[in-house]
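Enquirer: Below are the chains, spelled out letter by letter.
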Amino acid sequence: MDDLYKDEILEHYRNPHNFGTLEEPTTVKEGANPLCGDRITLMLGIDDDGNVQDVAFTGRGCAISQASASMLTDEIKGKSLTEIAQMGKQTVMDNLAIEISPARMKCAMLSIETLRSAVGDRVPWQGKFDEA
Amino acid sequence: MAIVQRLDPVALRADFAMFDREFRGRQLAYLDSAATSLKPRVVTDAMVGYMNNYSANVHRGIYEIGEEATAAYEGARTKIANFLGAKDAREIVMVRNATEAINLVAYAWGRKNVGKADTIVVTEMEHHSNIIPWQMLTKEKDADLEFVPFDDEGRLIQESYEALLRTKPKLVAFTSVSNGIGTINPVAEMIAKAHEVGALVLVDGAQAVPHQPVNVQELGADFYVFSGHKTLGPPGSGALWARREILEEMPPFMGGGEMIREVHLRHTTFNDVPYKFEAGTPDVAAAIGLGAALDYLTNLGMEHVRAHERDLIEYALDMLPREVPSIRIHGPLSAADRAGIVTFNLADAHPHDVATLLDREAIAVRAGHHCTMPLHQRLGEESSARASFNIYTDRDDIDRLAAALNKVEKMFARPAAAATQ
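So the sequence lines, in the order shown, correspond to chains P and G. Numbering follows the numbering used here, in which position 121 of the first sequence is assigned residue number 121; successive positions increment by one, without gaps. Each number in the numbering used here corresponds to the 1-based position in the second sequence with 1000 added.
Just so you know, these hints were derived from the structure itself, not from any lab. Model, not experiment: these values are computed from the prediction. Worth double-checking, as some hints may not be accurate.
List time: in silico DSS-like cross-link candidates among lysine-lysine, alpha-carbon distance up to 27 angstroms [unchecked claim]: (1) G:K1407 with P:K106; (2) G:K1116 with G:K1193; (3) P:K6 with G:K1407; (4) G:K1410 with P:K106; (5) G:K1112 with G:K1141; (6) P:K128 with P:K29; (7) G:K1170 with G:K1193; (8) P:K6 with G:K1410; (9) P:K106 with P:K89; (10) P:K29 with P:K106; (11) G:K1193 with G:K1141; (12) P:K128 with P:K77.
Stretches of chain G that chain P covers, calculated by requiring three or more beta carbons in the stretch to come under 8 angstroms of a beta carbon on chain P [to be verified]: (13) 1345-1356; (14) 1371-1383; (15) 1402-1412.
All C-beta atoms, glycine included, are put in the ideal place defined by N, C-alpha and C.
Assemble the whole structure, with the sequences as input and the hints as a guide.
Expert: Below is the structure:
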């Protein structure tokens, strides 16, 4: 069983990056996985030029969902919404770099789904998702 | 003293095709029987026999295989009646599962008998299927829905139940055994108390019928429901039992074929019970499969099934906390009032991660809220992991679970804690 959860994922799970809240977020979005009760609150600080200056998240969830959120928030910091809108399922798979079973895909995708619903009305989304 | 015949779970596995499969080079430790049980070959054989050899519709064909199909279907009804200790097979309504049975009662009995300001009492440990139909009914009728809480050990608080009974509810609905935390509730006592105030009682037997002797007449219940797919039978089979005089007074559930006596363009007279509640062609194969499953269980003896699972839960409750130090087991810690269900959280690993990692060792457990979100709110957990037992479970399965949980625990332990080992 040891090969599934790489140390990097466990490390992100134990000490997630960008975990917490922003004092003055411009966008706040909650996401939930109704199957398991995992939830996330994503906070973004987006400047006038449409760049993500700051990001934070809180929530409870499994190692897959927490590590995925930790890695994703690292990745979007400093990026423009146009760049972010290129992201999709492959971004998440590249970040986690482990085999994700179909039953766990919703855990892995929770943070990016929440991100998409947070900013999807401001920028046309280009990245691919497997729409279930 | 009677000699208690012990079940031999390893020998019984020969009856289940699932154990012929290899999972990661070994037999599956199937610890999710509370979600659905495995099915013995006698069940699938009976179903295939109907499908291949006499797959006529029931109650219709005036020819040989039509009569065979009707006889097998009605034979299943009789087997269900006998298994539940019912007085009469006509008290058995065939349904798809316990959920449908509860919805049938809420719709047919509830809409006629529950009105504004009436009260229905359920408990905080119910499966969603024994909450939502009553939410829908009480909302429609502007009636009240009240909940019996449970204590920190997962037992219903009887003082609270008695206080709620003083509001003279129309109906009390509760589970015999909690699918969430395994509590075996004092069903007969709770029914007697409800009857003292004139309430009818619906018992959810979904986790009881597969695992212990049940006799609806001895319990004194008014409605009793269970699912075939948790009882070694197929999905799509199950039953509602209700006392004959209650069924006679209930209006129909769904309209259609079979449930009628005479149809005119603007009015219909209805068939006798239980057919009045069985509109449309039923899942004949599933009913026949369930009949075969109940024969199989009857042959084992339900008191032996309970004795076997009681031994397993006693073993698990004693061993798991020793082998898995960070485990927190929810529900009663005594085998006397606990079914073969161990629901737990590990301190540092999320239930989903636990289930994924156990799957790598060919161990199947449930992770999530087990269709009991209010129960989990009371536990203070978003979700939990659950290992549940059946006749084919043995101590070795629980040893495998403990060893795997121990590995998960070490994997997730904070590095500082791991360094001290």
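Enquirer: Please write out, lowest number first, the hints stated earlier that are contradicted by the structure.
Expert: none
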